[in-house]
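Trainee: Chains as they are written, first to last, in the numbering used here: chain U, 335 to 642; chain X, 496 to 763.
Please note: incorrect hints may appear among the correct ones.
Stated by the list, open to error - Calculated lysine to aspartate or glutamate pairs in the EDC-like style (CA-CA distance at most 20 Å, straight line):
1) LYS629/X / GLU456/U
2) LYS405/U / ASP628/X
3) LYS690/X / ASP661/X
4) LYS377/U / ASP661/X
To be verified - Partial selection, computed: residues in chain X whose CB lies under 7 Å from chain U:
5) GLU582
6) THR585
7) GLU605
8) ALA607
9) LEU611
10) GLN613
11) ALA616
12) LEU619
13) MET621
14) ALA624
15) GLN644
16) ALA654
17) SER737
18) GLY741
19) GLY744
Simulated from the structure, these hints should not be mistaken for laboratory data. A virtual CB, placed ideally from N, CA and C, is assigned to each residue, including glycine.
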Amino acid sequence: MEQLYQRDVYGQTLVKLGEQDKDIVVLDADLSSSTRTNLFAQKFPQRFFNFGVAEQNMMATAAGLASCGKKVFLSTFAVFAAGRAWDQVRVSVSYNNFDIKIVATHAGITVGPDGASHQALEDIALMRVLANMSIIVPADGPQTQDAVLAAAKNPGPFYIRLGRAKVPTLEAQSEFKFGRGQLITDGKDVTVMACGIMVQEALLAAKNLACRGISVRLINLHTIRPLDSEIVLKAAQETKLIVVCEEHNTIGGLASSVDEIIAEKYPVKVIRVGVRNRFGQSGEPQELLKEYALTGPDIEKAVLSNLA
Amino acid sequence: MTIEELETRARQVRRLVIQMLAKAASGHPGGSLSAADLVTALYANVLRFDPANPRWPQRDRFHMSKGHCCPVWYAVLALHGFFPQEELFTLRQRGSILQGHPDRKTPGVESASGSLGQGLAIALGMSLAARIDKLDYRVYCLLGDGELQEGSVWEAAMACAHFSCDNLCAIVDANGCQIDGRCEDVMGLEPLAAKWQAFGWQVIEINGHDFKQILAAYAQAQTIKNKPTVIIARTVKGKGVSFMEGVVGFHGRAPTADEAERALKELA
Chain U
335 MEQLYQRDVY
345 GQTLVKLGEQ
355 DKDIVVLDAD
365 LSSSTRTNLF
375 AQKFPQRFFN
385 FGVAEQNMMA
395 TAAGLASCGK
405 KVFLSTFAVF
415 AAGRAWDQVR
425 VSVSYNNFDI
435 KIVATHAGIT
445 VGPDGASHQA
455 LEDIALMRVL
465 ANMSIIVPAD
475 GPQTQDAVLA
485 AAKNPGPFYI
495 RLGRAKVPTL
505 EAQSEFKFGR
515 GQLITDGKDV
525 TVMACGIMVQ
535 EALLAAKNLA
545 CRGISVRLIN
555 LHTIRPLDSE
565 IVLKAAQETK
575 LIVVCEEHNT
585 IGGLASSVDE
595 IIAEKYPVKV
605 IRVGVRNRFG
615 QSGEPQELLK
625 EYALTGPDIE
635 KAVLSNLA
Chain X
496 MTIEELETRA
506 RQVRRLVIQM
516 LAKAASGHPG
526 GSLSAADLVT
536 ALYANVLRFD
546 PANPRWPQRD
556 RFHMSKGHCC
566 PVWYAVLALH
576 GFFPQEELFT
586 LRQRGSILQG
596 HPDRKTPGVE
606 SASGSLGQGL
616 AIALGMSLAA
626 RIDKLDYRVY
636 CLLGDGELQE
646 GSVWEAAMAC
656 AHFSCDNLCA
666 IVDANGCQID
676 GRCEDVMGLE
686 PLAAKWQAFG
696 WQVIEINGHD
706 FKQILAAYAQ
716 AQTIKNKPTV
726 IIARTVKGKG
736 VSFMEGVVGF
746 HGRAPTADEA
756 ERALKELA
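Looking at chain U on its own, in the form it has when it is part of the complex:
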């Protein structure tokens, strides 16, 4: 199975965009070799600025550039983009509704050995409450390109969440559409919704559940804002249970987004697979996924114990 770093794909996509659009400007805060914005920096040094370890400054500077018609992509780790610079994102980026694309890498528990301080488990929640902000959590390498191109094409602020580790490329998928959930397998007993690396875990769970005679509808909800409420409501109406999986706190992220729609429009039981009221810790990504109950077998268990 092909394995790719999402951030490699991001860097390469930025270079392609930079060739097509001279208004694209890229910013980083001393992490360009990790976020891979260095690929753009090498190719277009006049349109790349490194701010050093000063994420708040980078974020507000992006607003100044955008006010002059620039399409700004900026990157740092998710903990810093969404956490450290949040007020700048709120007032200078989101309130201004500027064409700024925050591409945050190293999100989630799979950051691994760096431990809790560097493992963003709150970033989707922090970005999701901001008006005007679109959010995409791509599931693999190729989808990272889709997400970046969608952000480039659609005006306004975006938050794109990428991981640190290599991720397997998912088997043939339907076409990526910004704002639309992606049906991966159809099914009638239970719907599993996931984003990011959890789509792969959910796929493993779906295959095992199929062997037990349980028909799983698997949806990749890569776009968290605007959320595809149609596909969510359809699942609520047509299957008996919804399980939502994310490499994020169970409060405020994808599961909360789904819950909000379901509670308002068609209440059914929703089970959350995510990190429950804990910080992360050091370890290897695979170990941590097990420790925090974020693996395929954990999703399977959640389905089996809740499917009456």
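Using the hints provided, position chain X relative to the given structure of chain U.
Mentor: Frame of chain U, contents of chain X only:
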């Protein structure tokens, strides 16, 4: 404008500020009055702009980082024809183009502000955009002195010097007061000039109510190469209204009808 004309214009601006705030019954008179001469002179004699086309790509940029003092900015924008003067008296009302803190729905406003400490970075972005586009516009950013207590100001100060932004001029309205008292008592800022110098800036220190000095500083800033310039303008909070001058309480309290009447008499 001549210095005499500027003095007349600034009095007119201060009158509008008092009238707007009295009508709104909320807002920030102290810092609006301390910055009145600086903003009046900048728009009258320095900035390149076209009120009929506020987004003209070659316009000079002005950003008010101390967003709470927007009444003085709105008054100056109206006097220069960015929008009708009647709009001034809708300040802070529902549906108004003049929000309590700057918003892009106001013609002439480039970016929102209001959360202190972000504006200098925004100005830096405008300065870098000029470099990328090879345009010769200049960027001006007005900061408060209390605002300089925000750490993000110094991140931006470091970066403006690092990127040698000589098309950028920061103006510090150093009125010495903030909400909880005198800046030096709340959180000391001095030596202010030495701080900016240490960050790699050209520093010009002036009396921010002396138009001769203000114009000379703006002119000198344009000649400085390879580094950004900061004008530290020593001002008086509430300047022009005797009972507001240096009075911390008028940072964020609008004048009552009676106070407004007295203020307008003084500014007649």
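Trainee: Please verify that hint: GLU582/X, Cβ, nearest Cβ of chain U, below 7 Å or not.
Mentor: violated (21 Å)
Trainee: Holds or violated: GLY744/X as interface residue toward chain U, Cβ cutoff 7 Å?
Mentor: Violated, about 27 Å.
Trainee: Should the hint that ALA607/X touches chain U count as held when the rule is a Cβ pair under 7 Å?
Mentor: Holds, because the Cβ-Cβ distance from ALA607/X to chain U comes to roughly 5 Å (cut-off 7 Å).
Trainee: Would the stated hint for LEU611/X survive a check requiring a Cβ distance to chain U of less than 7 Å?
Mentor: Result: violated, 10 Å to nearest chain U Cβ.
Trainee: Can we keep the GLY741/X interface hint, with Cβ of chain U closer than 7 Å?
Mentor: For GLY741/X, the interface hint is violated, since the closest Cβ of chain U sits about 30 Å away, which is over 7 Å.
Trainee: Would you check the hint for LYS690/X and ASP661/X, treating anything up to 20 Å between C-alpha atoms as holding?
Mentor: Roughly 18 Å separates the two Cα atoms, so the pair holds.
Trainee: Against the 20 Å threshold, does the CA-CA distance of LYS629/X and GLU456/U hold or violate the hint?
Mentor: Violated, at about 40 Å.
Trainee: For the restraint on SER737/X, tell me whether the closest CB of chain U is nearer than 7 Å.
Mentor: violated (35 Å)
Trainee: Are the Cα atoms of LYS377/U and ASP661/X separated by 20 Å or less?
Mentor: violated (26 Å)
Trainee: Can we keep the GLN613/X interface hint, with Cβ of chain U closer than 7 Å?
Mentor: holds (4 Å)
Trainee: Would the hint on ALA616/X be counted as holding, given a Cβ-Cβ threshold of 7 Å to chain U?
Mentor: holds (3 Å)
Trainee: Would the hint on ALA654/X be counted as holding, given a Cβ-Cβ threshold of 7 Å to chain U?
Mentor: This interface hint holds because 6 Å falls under the 7 Å limit.
Comparing the model with each numbered hint stated earlier shows that hints 1, 4, 5, 6, 9, 15, 17, 18, 19 do not hold.
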